[in-house]
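Residue numbers (my numbering), protein chains in the order written: chain Z, 1 to 193; chain A, 1 to 435.
To be clear, the hints were calculated from the coordinates, so they are not data collected in a lab. In this text the structure is predicted, and so the values were computed from the model without any measurement. Some clues are possibly wrong.
As the list claims (entries may be wrong) - Partner residues aside, some chain A positions facing chain Z, computed with beta carbon under 8 Å:
id, residue
1, L92
2, L95
3, L106
4, T130
5, L134
6, G157
7, V161
8, L163
To be verified - Far from chain A, some chain Z residues (derived; all Cβ distances over 12 Å):
id, residue
9, P22
10, V28
11, G31
12, H40
13, Y50
14, M53
15, V95
16, Q106
17, Y120
18, P138
19, L144
20, K149
21, I151
22, K153
23, E191
To be verified - Here chain Z is said to cover these stretches of chain A; the calculated rule only asks that three of the stretch's residues, wherever they fall, bring their Cβ under 8 Å from a Cβ of chain Z:
id, region
24, 97-105
25, 139-145
Idealized CB from N, CA, C, for every residue including glycine.
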Amino acid sequence: MVKKIRLILSAWLDRVTDVATPMAVLVVAIGLQLGVMLVHIIESEWTLHYGEMIKLAIDPIDPFDPFRGAYFEFIPQVFRHSFPSRQPMSVGDQVIVVAVDPKRTQWAISADRPRSNQPYFRLTIKSANGNNFFIAPPFRRVILDDESKQIVKEAFGNGRSPKHGAIYLLVRQRGDHAMIQGIQVGNRVIEQN
Amino acid sequence: MGQKWGITRIAVRSPRIHWLFRQVQDWQSSGIISPYQGEAIRNRYVTAAFPAGRKFISSLVWSVLGIFSLLLGTVLVIANCWQDLDQFLRILLSLLPLMGSWIGLLALITFNERRLVWRELAASANLLATVLALALIGQIYNIPYSMGVFFISIVLGTFPVVLLTRSISWVVGTGILLNVALIDSGSFGVRCVILALSVAMLAVPDLVFSTANDWTKQILAWSTSIGFCTTLIWVAQGIHPSAFLIFPAMIWATIIGTLAVSRSDLAFRRPLVGMSLIGMLMTLFLGTIPSVWDEWVQFSVVSDPAYICVLGAIIGVQLAIFSVTKGHWFRWLLIVPGIVFILGMVAHKFIPSWMLPTAVLFELITALVAAVRFGIVSQRRWWIHCGTIGFLLTMVTQFVSANVSLGLRAAEFLLLGGILVAVGYRVNGWAWLKK
Numbered sequence: 001m002v003k004k005i006r007l008i009l010s011a012w013l014d015r016v017t018d019v020a021t022p023m024a025v026l027v028v029a030i031g032l033q034l035g036v037m038l039v040h041i042i043e044s045e046w047t048l049h050y051g052e053m054i055k056l057a058i059d060p061i062d063p064f065d066p067f068r069g070a071y072f073e074f075i076p077q078v079f080r081h082s083f084p085s086r087q088p089m090s091v092g093d094q095v096i097v098v099a100v101d102p103k104r105t106q107w108a109i110s111a112d113r114p115r116s117n118q119p120y121f122r123l124t125i126k127s128a129n130g131n132n133f134f135i136a137p138p139f140r141r142v143i144l145d146d147e148s149k150q151i152v153k154e155a156f157g158n159g160r161s162p163k164h165g166a167i168y169l170l171v172r173q174r175g176d177h178a179m180i181q182g183i184q185v186g187n188r189v190i191e192q193n
Numbered sequence: 001m002g003q004k005w006g007i008t009r010i011a012v013r014s015p016r017i018h019w020l021f022r023q024v025q026d027w028q029s030s031g032i033i034s035p036y037q038g039e040a041i042r043n044r045y046v047t048a049a050f051p052a053g054r055k056f057i058s059s060l061v062w063s064v065l066g067i068f069s070l071l072l073g074t075v076l077v078i079a080n081c082w083q084d085l086d087q088f089l090r091i092l093l094s095l096l097p098l099m100g101s102w103i104g105l106l107a108l109i110t111f112n113e114r115r116l117v118w119r120e121l122a123a124s125a126n127l128l129a130t131v132l133a134l135a136l137i138g139q140i141y142n143i144p145y146s147m148g149v150f151f152i153s154i155v156l157g158t159f160p161v162v163l164l165t166r167s168i169s170w171v172v173g174t175g176i177l178l179n180v181a182l183i184d185s186g187s188f189g190v191r192c193v194i195l196a197l198s199v200a201m202l203a204v205p206d207l208v209f210s211t212a213n214d215w216t217k218q219i220l221a222w223s224t225s226i227g228f229c230t231t232l233i234w235v236a237q238g239i240h241p242s243a244f245l246i247f248p249a250m251i252w253a254t255i256i257g258t259l260a261v262s263r264s265d266l267a268f269r270r271p272l273v274g275m276s277l278i279g280m281l282m283t284l285f286l287g288t289i290p291s292v293w294d295e296w297v298q299f300s301v302v303s304d305p306a307y308i309c310v311l312g313a314i315i316g317v318q319l320a321i322f323s324v325t326k327g328h329w330f331r332w333l334l335i336v337p338g339i340v341f342i343l344g345m346v347a348h349k350f351i352p353s354w355m356l357p358t359a360v361l362f363e364l365i366t367a368l369v370a371a372v373r374f375g376i377v378s379q380r381r382w383w384i385h386c387g388t389i390g391f392l393l394t395m396v397t398q399f400v401s402a403n404v405s406l407g408l409r410a411a412e413f414l415l416l417g418g419i420l421v422a423v424g425y426r427v428n429g430w431a432w433l434k435k
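Chain Z on its own, in the form it takes in the complex (with noise of 0.2 Å):
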């Protein structure tokens, strides 16, 4: 049976790579690898085009980045806080924070599906301590130029006296999906996507 399952696996195996068409595989492989990089872009620039607008209060920590150099990560005031949760929950679960009033500054944990227009992030728990549990932003860091990184810097008094809430992270939400437009500072808007 193994021999006869080995002989089939070898021929197979000799077809694709000796006799067969490699130009089709090869086919075959550009198009899943152009297929895997193309629904990212689609998935985000939909929902950059059709996501519903919602503005989160941010602070800003620094860390570093081989390629980036220094850099600022904005993570919403909202995601840095710890939630309670009445029944346990473990690292690598997913939670579903729903805004619960109409300007959207409080956002709780939903046991519910959200209702069809309220807005909703699912998110993952990154670190538990006991029934509290911090979660993972639905989305990476933001990399500034130095003009920018410049007017963020002055906006949150050099780090020496943060305003928190002086500056908001623009982002684009649909479905599951999550996508940061801008970081709006002031009246102004530094546009990301």
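Starting from the structure of chain Z, add chain A where the hints point.
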């Protein structure tokens, strides 16, 4: 062999002939033999010329390292002005290396190119370009990929390429990605310890089935070790759902590792040893990053005086040197990290924070030098693959933890790449491109 004074001269490798001449000198000094006899013995032997095969391998290693450095330097130059570019241009630039690798694969098929070096270059270029494109698109759109999605996207996208090229570097590359995905799957410190244990265990069935040359026994060995490894991971994670993703990924990588690569190839005769080695090296790379130690030492439950650490470091260095000189480096590579890591956990409170990562870096470089040297001397490609990839990863690890400007790092890597390519050329010209 050569002729002098009517005697046939025997060609002997350089280290051995030096040892012999030292002995002859010693015998002369002790009066065991006369100076005339000493001279006669010395004239009987001649240093063997460096074989062409070793020159070829050495040249290949340096050239590949050099090209990698040059590519990294180029990426850094682009990164330096990345933020000033238009969004569309950034997406295009992200996909450009991928398109280049497609052209390479197309050329491989069109010219029916079957030489090892071109197959490996085409496959590894495609794998690297896919990783790069996905990472850059993620950065442009601020997409927080989970490591599982990242890994599966890359492996799925590049899988047909291995069927075309039968590439070893693809299997090694995905093996490394798999290890990274494992580390990323939860609490960092615990995962690292479990990873180190589980990959070490991967070697056990291979040693049990050391005569397993046929296909069935290989599969049996792989399955046993994967089962054992996965059980460990499940226990560590409390049967977390993400473990279910890792499990099929490992089986999948195993099947590919065994099937897709030519069975006559030396590199995969002992696949479990290879996987074990990759895992160990990954743990060592992580050990060179100071912040990783901060995570690890949280799990230290004992505290002892600093001399234990000093003792551990001495033992580690001695074993590493022994491994280089005696050629038993793989055996010791499995033992030395364990000793250094365990003692490091104990002694981290009593020594400056830079010492542990530096010790690990020293040990890592020693092991990699031993690997490449062993590979070149014995002409075993697998050890050279491991050593070369190890050097690349060490460079990347050091690059990640460096804290200098992008422009300066770009210049450093371009300079390093130029030097390495020049060394490769000096050793054996461009012969490696013709194999």
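Hints and how they fare:
no.: 1; hint: L92; in the structure: violated, 11 Å
no.: 2; hint: L95; in the structure: holds, 7 Å
no.: 3; hint: L106; in the structure: holds, 6 Å
no.: 4; hint: T130; in the structure: holds, 6 Å
no.: 5; hint: L134; in the structure: holds, 7 Å
no.: 6; hint: G157; in the structure: holds, 4 Å
no.: 7; hint: V161; in the structure: holds, 5 Å
no.: 8; hint: L163; in the structure: holds, 5 Å
no.: 9; hint: P22; in the structure: violated, 5 Å
no.: 10; hint: V28; in the structure: violated, 5 Å
no.: 11; hint: G31; in the structure: violated, 9 Å
no.: 12; hint: H40; in the structure: violated, 5 Å
no.: 13; hint: Y50; in the structure: holds, 15 Å
no.: 14; hint: M53; in the structure: holds, 16 Å
no.: 15; hint: V95; in the structure: holds, 14 Å
no.: 16; hint: Q106; in the structure: holds, 24 Å
no.: 17; hint: Y120; in the structure: holds, 17 Å
no.: 18; hint: P138; in the structure: violated, 7 Å
no.: 19; hint: L144; in the structure: violated, 7 Å
no.: 20; hint: K149; in the structure: violated, 10 Å
no.: 21; hint: I151; in the structure: holds, 14 Å
no.: 22; hint: K153; in the structure: holds, 16 Å
no.: 23; hint: E191; in the structure: violated, 9 Å
no.: 24; hint: 97-105; in the structure: holds (count 3)
no.: 25; hint: 139-145; in the structure: holds (count 6)
In this structure, the hints that do not hold are numbers 1, 9, 10, 11, 12, 18, 19, 20, 23, in rising order.
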